[in-house]
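There are 2 protein chains.
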Amino acid sequence: MQFTEALFAEHMRPITGSAIREIFKLLAKPGMISFAGGNPSNTALEPEVVSGLAQEALAKYGTSLLQYGATDGFNPFRESAAEFLRGSMVNCEAEDILPTQGGTQAFDVLLKALINPGDAVLCESPTFLGAIQAMREYNAKLVPMPTDHEGVIVEAAEELIKAHHPKLMYVIPTFQNPTGITLSLERRKALAQLASKYGVVIAEDDPYRDLRYSGEPLPTIQSFDEEGWVVYMSSFSKYVAPGLRVGAAAVRNPLLRRKMVIGKQSADTHSPLLTQAIVDAYLRKGLMPAHLARICGDYKVQLDAMLDGFKHFPEGTVHTVPQGGLFVWAALPEGMDAMKVFKAAVENNVAFVPGTHFYTEGGHMNTLRLNFSMSDIPTINAGMERLGRVIKEN
Amino acid sequence: MQFTEALFAEHMRPITGSAIREIFKLLAKPGMISFAGGNPSNTALEPEVVSGLAQEALAKYGTSLLQYGATDGFNPFRESAAEFLRGSMVNCEAEDILPTQGGTQAFDVLLKALINPGDAVLCESPTFLGAIQAMREYNAKLVPMPTDHEGVIVEAAEELIKAHHPKLMYVIPTFQNPTGITLSLERRKALAQLASKYGVVIAEDDPYRDLRYSGEPLPTIQSFDEEGWVVYMSSFSKYVAPGLRVGAAAVRNPLLRRKMVIGKQSADTHSPLLTQAIVDAYLRKGLMPAHLARICGDYKVQLDAMLDGFKHFPEGTVHTVPQGGLFVWAALPEGMDAMKVFKAAVENNVAFVPGTHFYTEGGHMNTLRLNFSMSDIPTINAGMERLGRVIKEN
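Chains as they are written, first to last, in our numbering: chain A, 1 to 394; chain D, 1 to 394.
Bear in mind the hints are in silico, worked out from the structure with no lab data behind them.
You can trust all of the hints, since none of them are fake.
Since the list gives no way to pick one copy over another, a pair counts as held whenever it fits inside one copy or between any two copies.
In silico lysine-lysine, DSS-like type, Cα no more than 27 Å apart, as pairs:
#, residue 1, residue 2
1, Lys340, Lys25
2, Lys343, Lys311
3, Lys162, Lys189
4, Lys285, Lys60
5, Lys60, Lys29
6, Lys60, Lys25
7, Lys25, Lys343
8, Lys343, Lys392
9, Lys141, Lys197
With the hints as extra help, turn the sequences into a complete structure.
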């Protein structure tokens, strides 16, 4: 017998893998300037610190850190993560915290808990393409919500809820991926009210929150939720290290948390104890505030350089001016095709992600996402100049 | 709006979480002798060794160990895992290896790649209850295959294939969980032939293989597979440390491996690089052979003590005599109820897992699974004497 596509599950057939992760493979070319990724800067990573914390954790907990652990998570980390999240205006106690493999797994087990094939899920238009892939793997019906410079348009979201009766709404409220836009205070409050009014779970995906370079922090959507409809998903990937794969979801509804724990049980039994213990120690030693201050200082300068670099782009280009995060979003003059530009740009050793990948329905061919965290100032200057030239030539 | 059961996905409704993991919670009681778990002995775990390897890996790879990695896995670990598996008579190269979060995740992403709701999956009767839970979460139709003292009965399996057209067969060939039975050489060959003849993927779950205390190693089912129908799933949980959550699947069919990688992308992006690097260093330094010799020496004595302890059980009890692994399986005289015994046993501070949990269809109330790896000799002696007494009294 031969393997054929027909052997595979239907929900996997239309999915060809994350476009971004495929783009990454092109970027190994020497001399490439990449604005395509979403990684933290290498200068933000601290292998010596992590090494010291790993040693301390193994000395402190001994064999118990190497045995099987609870699916619910490593309790010291649940405590320190809850305290950290309370500092981000999340209402939670240690018992509400489910440690996950980055934010990715929090969304995966939430989908697993809730979604029957065909169930509607609302998401921002555009939104994170990893989330689009995850929702498709659960055969969800993706319903894009219109957005503007303040994020999701609440009235439109309410009409879509009435029309599609979604179980779930997926929102990245702060320095959104891909746009960099932050949901306004009033809209945060309003979305929490919609969740409760219509019985819709909100997945509040907030991994960039503490990468703020200007303006004041806003309360989370979760802080306006009285009934446990909002699942707050945080991650230490952008703050400490993505390679450790440590995230934390705050899930205040015990029934929902239980279903997510059961889903995680079958997915990976539990998260590694060592990686949870490393991030726990990082938090308990109080290393986070100074670290965030340092990396935000660097990222701010990088963002400013990228914003300045748009002077090389054709007239009629519009772009966001984010107050934080890792991304700037741009729309080239109507009629331009960022996919075509992408091919020419890669030949010229500069890369980005075409914006069409972030739309559930495709289209929007003139948009693009640019990352500034992985490039130093001379590289950003050179790359924006080069990219502007390639765009003008295409 | 209030949360109700109706909000959740249908595939999660009948699932209440692993019975074993719930039993674990009872075992915190002081003085409890537990034969219920499946953990390695604490004396088999080496926190100082792991600490040293973590330091070395972070010094060697620096920030690249903390950045995002490939979903396909950390290449040095793929190489060393492939070499390790070749030593276990698995046909594989580094490119065939998908690192996973323990064996659990290998099976989860394999199910995700293959199973539409209602698809049939064959499994041994009895089988690992975590696998039963995972298959149910994908709405698979579970079809139990009859087994005897040499494992799966091949003729019966072939009839079931003809009747149910399964996509997948799940087999634990060596020191099976829960029975401790090893699939014979001839049957390994025959199952590989069935897979190819009928186009059935075999999930060969082999995490206990190197915990052999007597007899000679047998070739894997995978070694008889010419066409890539067998996915070999190994894990370092029982050999190095379950808390690290490091497993490795050998998937020789590139299309199937690609689908599993895509499924893992949405599940957790990738496995932590640090934990993969620790196991990689463990293998490259050649620490495994002496470690396995030491722990197998200890486990052999523990197994022998447990087998001897059956002298305290009622006449008519039958039990397996495994050549390795972590478990012994027993059937009490017909009419006895291991669930009833379990309650009385826990009150008397001795625990095991009632065998009914390992049957997809329940029943088999007189069976039980006993673990010996977590108890020292005096504890095994005392526990078997106590358990024998409780059984006789019930």
